[in-house]
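Each chain is listed here by its residues.
Protein chains: 2
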Amino acid sequence: MVISVDTFFLDAEAQGTLQARIQQMITQGILSGRFRKGEKLPSSRKLAEHLGVSRITVTIAYTELLANDYLTARDRSGYYVSENAPEPPEFTALHPSQDKVDWSRALGRRFTGGATPIKPQDWSRYRYPFIYGQADPALFDHANWRQCALQALGQKDFLAMTTDYYDQDDPELIEFVARHTLPRRGILAEPSEILITMGAQNALWLTAQVLLSQRRTAVIENPCYHAQRDILTQSRCHLEPVGVDRDGLPPDALPKHADVIFTTPSHQCPTNATMPLSRRKELLRKAAEMEALIVEDDYEFEMSFLRSPLPALKSLDTDGRVIYVGSFSKSIFPGLRLGYLVGSKAFIREARALRASVLRHPPGHIQRTAAYFLSLGHYDSLIRKMGQAYAKRRTVMERACAEHGLGIVGQGVFGGSSIWMRAPDHVDTTALDARLRANKVLIEPGIPFFHGDSPPRNFYRLAYSSISAARIPDGIGILARELKNG
Amino acid sequence: MVISVDTFFLDAEAQGTLQARIQQMITQGILSGRFRKGEKLPSSRKLAEHLGVSRITVTIAYTELLANDYLTARDRSGYYVSENAPEPPEFTALHPSQDKVDWSRALGRRFTGGATPIKPQDWSRYRYPFIYGQADPALFDHANWRQCALQALGQKDFLAMTTDYYDQDDPELIEFVARHTLPRRGILAEPSEILITMGAQNALWLTAQVLLSQRRTAVIENPCYHAQRDILTQSRCHLEPVGVDRDGLPPDALPKHADVIFTTPSHQCPTNATMPLSRRKELLRKAAEMEALIVEDDYEFEMSFLRSPLPALKSLDTDGRVIYVGSFSKSIFPGLRLGYLVGSKAFIREARALRASVLRHPPGHIQRTAAYFLSLGHYDSLIRKMGQAYAKRRTVMERACAEHGLGIVGQGVFGGSSIWMRAPDHVDTTALDARLRANKVLIEPGIPFFHGDSPPRNFYRLAYSSISAARIPDGIGILARELKNG
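In the order they appear, the protein sequences are chains W and D. Sequential numbering of the first sequence, starting at 1, is according to the UniProt record's numbering. Sequential numbering of the second sequence, starting at 1, is according to the UniProt record's numbering.
For reference, chain W alone in the conformation it holds in the complex (with noise of 0.2 Å):
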């Protein structure tokens, strides 16, 4: 590769003959470990000509570098970072921190501290990644992704691709959310009432945003998605924390009032509850009884591979009441950050403008992307193969479970893509974790999900989503041993 003469400046205040300058600039180039070793050097004519100097001073300064071995030069073909040359030190330490800003006074805000755990970026090194969440190649339809990919990159799509949407998306992903994915939740919406956003996690943030502030109230679940709980702390409203039983949110329980509540009754997150129709009709009524908006967070329906899916909460509701979140990012796979927002109007217009302040649009080429991918019927088949999949791993770990004992809190009717369990009381899941990733096995410690200071230690989440059937036994029984052990 070669280094382009553009990274090259003189420093104006620099002292010393022109040909010492351009010397230092390279061997600080090379010592900082911006120019590698290997690394061809702009010709002496081409970085003349960019600095404004004579061509011989860069040549001379070449030549003395060549001298010091900090270059070597190969024949006719110019000048390269030499073999030879002083190793870099890490980078970090050749840029030392001499911030003179009082960071502590100069936040305006800080957003660090949240529930949300550090999840380990390297999972699939791990042999028995119980991870939930990531895509598993051995199910997801690459073929046919990339197939679509290659035709939102045609030339018939270059302005779908290219075009700045300002606060708008794309049509073709707009009404094919409108016309087939919604209508198999029970739900018609028309476009105006529909937003496209960056995954689920945007979808849950600019509904917050839009409806919550310091003098409101809202209820969640508990326990609950940690970054849901992460969003509705940022947003600084008043939560009200409720806990749920093995049909999900007890609509009996909620509190006298409420602005907004938020709930997952397709798959509770992360007991895997599934709220019965007549508890659905409760909600609305309780939340039309005290005036309270209601966000569904529909995660996962896809995944109903056991029994159809109950129509959503969304499809019972005549008042406008309901606002619907949908996501892409865990059926066809996370990294692809596309969901969806269905509500009012009057609210989508204002989660609209906020995401166009945010963000403007997601990116036109994925919209478009996935709209082929839907559309031409891959999606369907690839939610097919991934239902059979996971109805086959979740019977393995039904089996290795009972066979060590390992206590099965919530799995949910439907089907989805993970178990809830309690390990004896004495367990600390964070420890065992820890333990466990020795042992190449990663679970999901329960701590996060629980609001309040003194959670439950012993409950942990088991996803067969990214392992194949036959590692799970194995996994299974390392997990039991050192329960044992702990």
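Errors might be hidden in some of the hints.
Which copy? The list can't say, so a pair holds if one copy fits it or any two copies do.
List time: in silico DMTMM-like cross-link candidates among lysine to aspartate or glutamate, alpha-carbon distance up to 25 Å [said to hold, decoys possible]:
1. 156 / 141
2. 156 / 291
3. 100 / 474
4. 281 / 99
5. 281 / 6
6. 37 / 69
7. 156 / 122
8. 484 / 245
9. 345 / 122
10. 345 / 99
11. 256 / 398
For the record, the hints were derived by calculation from the structure and aren't laboratory data. Remember, it's a predicted structure, so these values are computed and weren't measured experimentally.
Based on the hints, put chain D in the right spot on chain W.
For chain D alone, kept in the frame of chain W given last:
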């Protein structure tokens, strides 16, 4: 296309026989526009299985619909929505607004009503699009972008594309930005000082959230980028607009106190002024004196086709006082939504946590594609090609403006992609714009760029980034004619 069986729901509370309810479900699908003429229905076996009813019930319902001409049968291949089926009414008519929610009360905050104008989505249909910030198909290196995207879709990059990076970024893109992009601006930064964002818009938004609050004061340039002003207005900080001159933001005019100064030194937006080195140093000195931070939006530094750009303000900063915003959305294409933020670790840490909460991370596939496009040198070639074309267009533009006596007031000494124009005092460029659109000419009225209630109405921006040199003279000719008439 076959209508998926999953889009069929029997309304549990509907009256009538099963067969009647199935018929109703299908006619409603057709009348609502969800099922379209020529689309194929699921087989009676499949639909029966899905609904949990006997096959004969479905078959009778289909036969009835056949008789009513909602469906047609093609021998042995199944049932289709008939070409003679009733036309669905307009989508909106079918979905009466029945909201019982009082949205004026339910919305916690409003985000609509900002300064940013609604720009035409159909700009590419105008013959003379002097529009700013859209990609030009005639210049973009589509073939190589496609090639890079294809590579990033490969098996080797499966994880990079699909993975949930949580709060992290594609390490390859970060490495390229650190080693190659930033050094061109004289900036040395470690990976922990860089955050990939959804374009410069997202970088500016994150920065405002982290640094500002109701108790803080921000300086903005006047005129300035309208979306920048919307972001700051939404942050609810105190705004101090400072008028720019021919050299950009004048340090002498700064207020006594400010917490954060937002500036565009490379090409002031929208006047195109370039801040001279002496003024950059003075701005840094003043900021240090008042202990303010500076946010440098270095947009369009790549478009310095007339002279090499000055090093970034950030490269002169020894205090950690400058936060740097860069973007690939302008130079590659805006639909890409890819930019970056460079700053001290303490700042980037908070911006990263906020980004994770808002959207997690920009899609992996997009990041990896950009990393390839950059590292294979295609980006540099593209910039050169764009620079050459822009240089030519600019010359044609200047000549045409001179010929018609149009007043250019700002055009940037290094290059750029637009010129800032002043019409005679009596001209309202918003009205001018409306008249020009009828003549296939698109310009950008200047009003939204200005702060305050009585902005000057006679400024406008003409960009040459999406119009061919050949069309410029005629476009300017029409503009001059309309100016005379108005």
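Checklist entry - Checking against the hints above, which ones are violated? => result Result: hints 2, 3, 8, 11 break, sorted rising.
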